[in-house]
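Sequence lines, in order, name chains A and B.
Just so we're aligned, residue 1 is where the first sequence starts under this note's numbering, counting upward by one.
Just so we're aligned, residue 1 is where the second sequence starts under this note's numbering, counting upward by one.
Hints should not be assumed to be uniformly reliable.
If you want a taste of the chain B side facing chain A, the calculated C-beta under 10 Å gives, among others [stated by the list, open to error]:
hint: 1; residue: P42
hint: 2; residue: T65
hint: 3; residue: E70
hint: 4; residue: H71
hint: 5; residue: H92
hint: 6; residue: L93
hint: 7; residue: R128
hint: 8; residue: D131
Computed footprint of chain B on chain A, listed as stretches where at least three residues anywhere in the stretch have a Cβ under 8 Å from a Cβ of chain B [as the list claims (entries may be wrong)]:
hint: 9; stretch: 191-204
hint: 10; stretch: 230-236
In short, the hints are calculated from the structure, not lab data.
Heads up, the beta-carbon is just placed ideally off N, CA and C, and yes, glycines get one too.
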Amino acid sequence: MKASWLADRIGWRQISEQLAEHRVPRRGYVFYLGGITLYLFLVQVATGILLMLYYQPDPQAAFASVQRIAGGDVPYGHLVRNVHAWSSDLFVLALLTHLFLVLVRRTFRAPHELSWISGILSLVLGVGLAFTGAVLPWSENAYADAMVGSGLARNVPLVGGWLMRFMRGGPDIGAGTLGHAFGFHVAALPAALTMLIALHLFLLSRKPAAQPEANVPSIPLYPDFLVRQGVAFTGLTVVIMTLGTFVERPLGVVADPAAPPIGARPPWYFLPFHQIIRAAPKELLGVDGARFIASAVCLLGLVALALPFIDQRGSKITAWLAWGLLLILLLLSASALT
Amino acid sequence: MPSDEESKKPPRRDFLGLAVGGTAAALAVAVVYPLERFVQPPSRPSSGPTTIGKVEDFALGTAKTVLVDEHPILVIRTADGEFRAFSALCSHLQCIVGYSPERNRIECPCHQGVYSIDGQNLSGPPPRPLDEYAVSINEGAVIVSVAG
Chain A
1 MKASWLADRI
11 GWRQISEQLA
21 EHRVPRRGYV
31 FYLGGITLYL
41 FLVQVATGIL
51 LMLYYQPDPQ
61 AAFASVQRIA
71 GGDVPYGHLV
81 RNVHAWSSDL
91 FVLALLTHLF
101 LVLVRRTFRA
111 PHELSWISGI
121 LSLVLGVGLA
131 FTGAVLPWSE
141 NAYADAMVGS
151 GLARNVPLVG
161 GWLMRFMRGG
171 PDIGAGTLGH
181 AFGFHVAALP
191 AALTMLIALH
201 LFLLSRKPAA
211 QPEANVPSIP
221 LYPDFLVRQG
231 VAFTGLTVVI
241 MTLGTFVERP
251 LGVVADPAAP
261 PIGARPPWYF
271 LPFHQIIRAA
281 PKELLGVDGA
291 RFIASAVCLL
301 GLVALALPFI
311 DQRGSKITAW
321 LAWGLLLILL
331 LLSASALT
Chain B
1 MPSDEESKKP
11 PRRDFLGLAV
21 GGTAAALAVA
31 VVYPLERFVQ
41 PPSRPSSGPT
51 TIGKVEDFAL
61 GTAKTVLVDE
71 HPILVIRTAD
81 GEFRAFSALC
91 SHLQCIVGYS
101 PERNRIECPC
111 HQGVYSIDGQ
121 NLSGPPPRPL
131 DEYAVSINEG
141 AVIVSVAG
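Throw the hints in and build the complete structure from the sequences for me.
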């Protein structure tokens, strides 16, 4: 059977002609990062499905089941778990970098408002995926993440109590928490994120972001851009497999609901917030410190969502503020590690 | 030519749009409300007084964390034999606190909160004292009343 037979059946010629009509900037790093983010999401879906075959979402069995996967009982379980964990970290990093580049290039402005909003919502869901995934091993770290994450959510204005009970699957951390985290991690959040990504891609196909201007060198989407993207995927696969094989993702010790989590540390993307929470006074402007921080984070999120309407022209001040924010977050992360 | 009365009527398309929109909104409410109620866990009745062990299980000047309906409770037996029970959830972000016998105080390792053995917040971010529960002894059994 020839390749031309398949190409004929799926109408590849027409598809490739249509793809070739689209052009992207030659140095369109934002596009590459978007593709890389999507690829990392797909790697997580694939490895996540494999992990589900052995994982048991029960407080009595969860940690032991992950130990079985990672400890060698399951052939290549160690590699699958490590690849899942590394691709999760890289996914959050790629998502944040992708959004940051859009921010400093100010390509969130009209007519890309909806693309920007779908990107911000994807970040929220992506962090939700990472958070629920971090809870599943039911280790000391996982338990502390669930405690502190839901404890911080309790301070969100208006819906805090509701949100905390929802995240915990009950008034306390326990079997309900693991059940909720598992359901949302393997089904609800990936489904919602898939729909958001589909919407994001649809919007980009209707209103291509950063349509190459006359003086910006551009390349056709196919074959030039997609082939380069394929090379990036190949390189990324090598990186993930190398990390998964040689760099350990320690599981830690099993969660003990009766013991203070002395060795627990939040995931790297929560380090700035961890540092702010640790250093904040009991009260800020007459408001409970944790409530003030939770409110500020919510406000920041709302400002981010509304950014294309607040800064309609995409002013350079926004780009400078983004650089300033990045610097502050890096400094906070560094001080959290010391 | 339509009469004045006819021209005042909303066009058929507007009516259809309104009907479809209204039906969709009603359906959304009919789906979203039960969905929200479903994912919210049902409330649990208070467990009331619970026996957590015998007096001799708790040495003088030590503490133990026990679970009552998944809720961690820090039980301290002071050097003079008095029992005190506190919620082991830090009043800051609900991390689990622990008793430090070396410093004779309660500490939260997550954000370095410190409480006295009376549960009073001394330093760090905790905004309030720990919730305290009543402890009683009945025929050598230590009983904690979480509802209290």
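- Query: Does P42/B meet its interface restraint, that is, does its C-beta lie within less than 10 Å of any C-beta in chain A?
  - Reply: Since chain A brings a Cβ to about 8 Å from P42/B, closer than 10 Å, the hint holds.
- How about R128/B: closest beta carbon in chain A under 10 Å, or not? 9 Å, holds
- Can the stretch 230-236 of chain A be counted as covered by chain B under the rule of three residues or more with Cβ-Cβ separation shorter than 8 Å? Violated, because only 0 residues of the stretch 230-236 of chain A bring their Cβ atoms closer than 8 Å to Cβ atoms of chain B.
- Message: Holds or violated: the hint that D131/B contacts chain A, with Cβ atoms closer than 10 Å.
- Response: Hint on D131/B: violated, closest Cβ of chain A at ~13 Å, above 10 Å.
- Item | Satisfaction of the T65/B interface hint, Cβ to chain A closer than 10 Å | 4 Å, holds
- Double-check H92/B for me: the hint is only fine if its C-beta lies closer than 10 Å to a C-beta in chain A. 6 Å, holds
- Would you settle whether the hint for L93/B is holds or violated, based on the nearest Cβ-Cβ distance to chain A being less than 10 Å? 3 Å, holds
- Interface hint for H71/B, Cβ within 10 Å of any Cβ on chain A: 5 Å, holds
- Task: Tell me if E70/B is really an interface residue toward chain A, meaning its C-beta lies closer than 10 Å to one of theirs.
- Result: Because about 4 Å separates E70/B from the closest Cβ in chain A, which is inside the 10 Å limit, the hint holds.
- Item | Outcome, coverage of the stretch 191-204 of chain A by chain B - at least 3 residues whose beta-carbon is closer than 8 Å to one in that chain | violated (count 0)
Hint compliance for this structure: hints 8, 9 and 10 are broken, all remaining hints hold.
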